[in-house]
Each structure stands twice: as structure tokens, then as C-alpha cells.
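Heads up: the sequence lines are chains A and B, in that order. According to the numbering used here, the residues represented by the first sequence are 1 to 219, in order. According to the numbering used here, the residues represented by the second sequence are 1 to 219, in order.
Think of the hints as simulated: they come from the structure by calculation, not from any bench. Heads up, the beta-carbon is just placed ideally off N, CA and C, and yes, glycines get one too. Do not take every clue at face value.
[To be verified] Just so you have them, the derived chain B footprint on chain A, three or more residues with Cβ under 8 Å:
no.	segment
1	31 to 41
2	65 to 78
3	111 to 119
4	182 to 189
[Stated by the list, open to error] Cross-link-like lysine to aspartate or glutamate pairs, in silico, EDC-like; alpha carbons within 20 Å at most:
no.	chain 1	residue 1	chain 2	residue 2
5	A	K128	A	D194
6	B	K51	A	E80
7	A	K69	A	E80
8	A	K51	B	E165
9	A	K154	A	D172
10	A	K128	A	E78
11	A	K59	A	E78
12	B	K51	A	D194
13	B	K69	B	E39
14	B	K59	B	D81
15	B	K180	B	D169
16	A	K59	A	D49
17	B	K69	B	E17
18	A	K180	A	D169
19	A	K51	B	D169
20	B	K51	A	D169
21	A	K51	B	E78
22	B	K152	B	E176
23	B	K59	B	E78
24	B	K154	B	E165
25	B	K154	B	E176
26	B	K180	B	E148
27	A	K51	B	D172
28	B	K51	A	E165
2 protein chains.
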Amino acid sequence: MANQDKTTNRQQDILPEPTLRRLPWYLAYLTTLHAQNVEYVSTTRIAEDLKVAPSQIAKDLSFLGLRGKTRIGYSVDELEDTLRRFLGFAQRHNAVMLGVGSLGAALMADSGLQRYGLNIVAGIDINKGIIGTQINGVPVYSPSALSELVGKLKVTIGIIAVPVECAQDVADGLVEAGIKAIWNFTPTRIAVPDGVVITNTSIYSHLAVMYNRLSNLGQ
Amino acid sequence: MANQDKTTNRQQDILPEPTLRRLPWYLAYLTTLHAQNVEYVSTTRIAEDLKVAPSQIAKDLSFLGLRGKTRIGYSVDELEDTLRRFLGFAQRHNAVMLGVGSLGAALMADSGLQRYGLNIVAGIDINKGIIGTQINGVPVYSPSALSELVGKLKVTIGIIAVPVECAQDVADGLVEAGIKAIWNFTPTRIAVPDGVVITNTSIYSHLAVMYNRLSNLGQ
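Construct the entire structure; sequences and hints are all you get.
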């Protein structure tokens, strides 16, 4: 009985994932309003512009502890700022990039990730030709440096962009080194122990979905 | 009644999206087996390795018109090749990159996309400093060149990596130029008319989900 209560509480504390996926849309929308010098926005207007039910928006935003003022709505600046903080974009999260090939190097070169709080502090690769070089000012090391880097630079996130056949081994090495979250850019599934976060961004799977829908258009 | 039958048929023709999202995993897995010189693989082994129910795998692969042989299973080479073709990765799909900033340029530099059939033939940007230059051998043009490029180079896909406040305008321009599919890398929602495919890859939204799970770990 005590256990059951604990489970229930824990689930209530955790934000529902659909809400969490909508919040960055709201933030993007507010950034647009900000650029247009809009000062206040109502739930009704957000709902119309984003085609989300007003009740859903009010519920989603209630997780932030914010409420719109009657008739005026939300302050765009305040809501944008609160969302950015709430989503963790205002903090710095240190990460290492495993696999500095084409995609890995591309992600290291994307300053957008930095604006969203991701601070890639090191690249790791087995290619001797790039070990010791820098990508976008970030040094590339050999895999043997991983454990020390994680401890010394307070790295919590490992990003995996290695060839698919090495992905699980690399993930195991990250877990052993004490990484708390893995962001997997390979198209494979990776197994991690409980207590380690895994987030999949399967760019190439999205391509397959797009190609399939494209070919269905012609039918 | 006739209409109802038609709808039913159409839905049967279209591959279920969960299946479509699993197929690239199977392909990635087969690539790994291939690298290990494995010649045949059974549904049972795929199921164990990928932690997917055997019946699900058999159902998913039945969409390819392939059936494993009793006791031997599937030929790894044949299944890999069939999956690659089925997913559209063996064809070339011409695309333009809208917004050659940090993320756009990074994606243009990712040769992995090319291996999965995406052929970025041009970049488009408003920045006069990069118009006329090349990224990874691909020329960058001004927005005024879009319509002509789409027609001349048989471009079907537009990739959007512009600042969020310009995303909808850029999408409207792509639709007007005759693009059939939009791959949206911005964190905003984009509205497109019926008959145009929209695929969202919200990298930064995935970051928010990862940060949130990371902060829940500590609780």
C-alpha cells in the first residue's frame, strides 16, 4: 500500500511527455511574437495560431506555475523566459560527442545546440587523423581519455554518432564512465541500465517516413 | 458505402507508421550482423536482440513480401537489401536546404544523409556573404532562385533550418515553388496544404525531454 502511494506520487511529479513535447513549440512561437514586438498573448490566440485546444494550452502552461491575466493574457517576455528556464535551455549541460565523423562533426559545429543549453566539451574518435585536432574550438580525444574527461569536465551527457555496429559498445563505455544520459543519433536501439536516460533522435528513420509518405502521394 | 470501402482499402495500402519506424531499426541491426559476417538470422534471434515480440517482427517484415525459411530464417544480405530499397534509401531524392546557417550547413556536410538517399542539390540563404559559395560541393543561392531550381533540378523535398520566426514564410514559398515534402528542423509547427508531406525533426525538443528526465533522476 505504501509502495503504491509512492508510485502514484512519483507519476504525478513527472511532467507528461506530450506536454513536454509541446512546450518547445510554445517557446518557438513566443520567440516569433517577441521578434514582432508583441507584448501580451492570450490562450485563445496561442490556440488559434498553433491549432491546439485552449484548454490544453492552459493545462500545459499550468505546469510552469504561470497563469494568464484575465483579458490581457500572458506577458510574452515572461512566458518565454519561464519556458526557457523550465525546459533546461537556460542551464549548461556538459556533453561529449562520441564519433566525430560526418554527423558528429556537424552537430559539434551547430551553435544552435549551445543556445539550447548543450555544451559539447569534447569529441571522442578512434580515427588517429583527427585525434588532437579541434572542431569548432572543441578538442577531439581518443576513447582512452573518456573516463577522465567525464570526471574532470563534469560531463553528464554522451552523444552517440558512431557507426551503427559500434553503438552498443560505445554506450556501454559511456555508462561505465559515469554518464547519466545518452543522446543516440544512430538508427539502432541501445540498451542502458535503469537510472540512465536514453533519448533517440533517429534522423534517418524520419527520412524513411517522409519517403514513404511521398510515394503514397502519387497513388 | 462505396466511399467507405475506398477508405478502408486506402488505409490497408498505407504502411502503419509504427511499423515504418521499426523497419530502419531492423535495417541497422542487419548492417551490424552483416559486419559480423552472419549469413542467416531467425525471427527469434532478431526478437531477442532487439527486444521486440517475434510475432511483431514477422508482421512487420510481411509488408516487404518476404518470409523467412523454416529453421534457417532470413538471408541477412537479402533482407538488408530489401529493407533498404523498401525504405527508399536506395533511390535518390533531390532536396534543397533552406537556411544555410549553423544547422543547415551542418546537415549539408553530413554525408550520412546521402547514404540514405537524400541528395541535397542546393542551399538557399538570404545572407549575401554565403550566396555564391559552396558547402560540401553544393552551391548556395539567393531565395529568388528557388522556383527555377526546383523545376530544373527536379527537387521534391525542402529542408527548413531557418530561424523559427521565418519558418512558415519559407514553407509557404516552398509549397508555391512546387515542393512535395517539407522536412522541418525548426522547433515550430508549420502549416501546409493537403497533398504536401510534412516531417518534423525537432532536435531541440528532444533535448528538452532529455534534460527533464535527467533532472527527474535526481529526485
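We went through each hint and held it up to the structure:
Counting residues of the segment 31 to 41 of chain A whose CB lies closer than 8 Å to any CB of chain B gives 4, which reaches the minimum of 3, so the coverage claim holds. Restraint check on the segment 65 to 78 of chain A versus chain B: 0 residues with Cβ-Cβ distances below 8 Å, three needed, restraint violated. With 6 residues having a Cβ less than 8 Å from any Cβ of chain B, the segment 111 to 119 of chain A passes the three-residue criterion, so the hint holds. Restraint check on the segment 182 to 189 of chain A versus chain B: 5 residues with Cβ-Cβ distances below 8 Å, three needed, restraint holds.
Simply put, A:K128 and A:D194 have alpha-carbon atoms about 34 Å apart, too far for the 20 Å limit, and the pair is violated. With a C-alpha separation of about 40 Å, the suggested pairing of B:K51 with A:E80 is violated against the 20 Å cut-off. Our distance criterion of 20 Å between C-alpha atoms is met by A:K69 and A:E80, whose separation comes to about 16 Å. Proposed proximity of A:K51 and B:E165 is supported: the alpha carbons are some 17 Å apart, at most 20 Å.
Simply put, A:K154 and A:D172 have alpha-carbon atoms about 18 Å apart, close enough for the 20 Å limit, and the pair holds. Annotation: proposed proximity of A:K128 to A:E78 is violated, straight-line Cα distance about 48 Å (limit 20 Å). With a C-alpha separation of about 18 Å, the suggested pair A:K59 and A:E78 falls inside the 20 Å cut-off, and the hint holds. Using a Cα cut-off of 20 Å, the hinted pair B:K51 and A:D194 holds, with the two alpha carbons roughly 16 Å apart.
With a CA separation close to 13 Å, the supplied pair B:K69 and B:E39 stays within the 20 Å bound. Note on B:K59 and B:D81: the hinted pairing holds, with a Cα-Cα distance of about 18 Å set against a maximum of 20 Å. Between B:K180 and B:D169 the alpha-carbon distance is near 16 Å, which keeps this suggested pair within the 20 Å criterion. The straight-line distance between the Cα atoms of A:K59 and A:D49 is roughly 17 Å, inside the 20 Å bound, and the hint therefore holds.
A threshold of 20 Å between alpha carbons decides the hint, and for B:K69 with B:E17 the separation of about 27 Å lies outside it, so the pair is violated. Restraint check: the Cα-Cα separation between A:K180 and A:D169 comes to about 16 Å, which is no more than 20 Å; the hinted pair holds. Restraint check: the Cα-Cα separation between A:K51 and B:D169 comes to about 17 Å, which is no more than 20 Å; the hinted pair holds. Among the hinted pairs, B:K51 with A:D169 is consistent with the structure: their alpha-carbon atoms are about 17 Å apart, no more than 20 Å.
Pair hint A:K51 plus B:E78 does not hold up; C-alpha atoms about 45 Å apart against a cutoff of 20 Å. Among the hinted pairs, B:K152 with B:E176 is consistent with the structure: their alpha-carbon atoms are about 15 Å apart, no more than 20 Å. The suggested pairing of B:K59 with B:E78 holds, with an alpha-carbon distance near 18 Å, which does not exceed 20 Å. For a cut-off of 20 Å, the pair hint linking B:K154 to B:E165 is broken: about 28 Å separates their Cα positions.
Between B:K154 and B:E176 the alpha-carbon distance is near 15 Å, which keeps this suggested pair within the 20 Å criterion. Of the supplied pair hints, the one linking B:K180 and B:E148 holds, its CA atoms being roughly 15 Å apart against a limit of 20 Å. With a CA separation close to 17 Å, the supplied pair A:K51 and B:D172 stays within the 20 Å bound. Taking the CA atoms of B:K51 and A:E165, the gap is about 17 Å. The hint holds against a cut of 20 Å.
When the structure is compared with the earlier hints, violations turn up for hints 2, 5, 6, 10, 17, 21, 24 and for no others.
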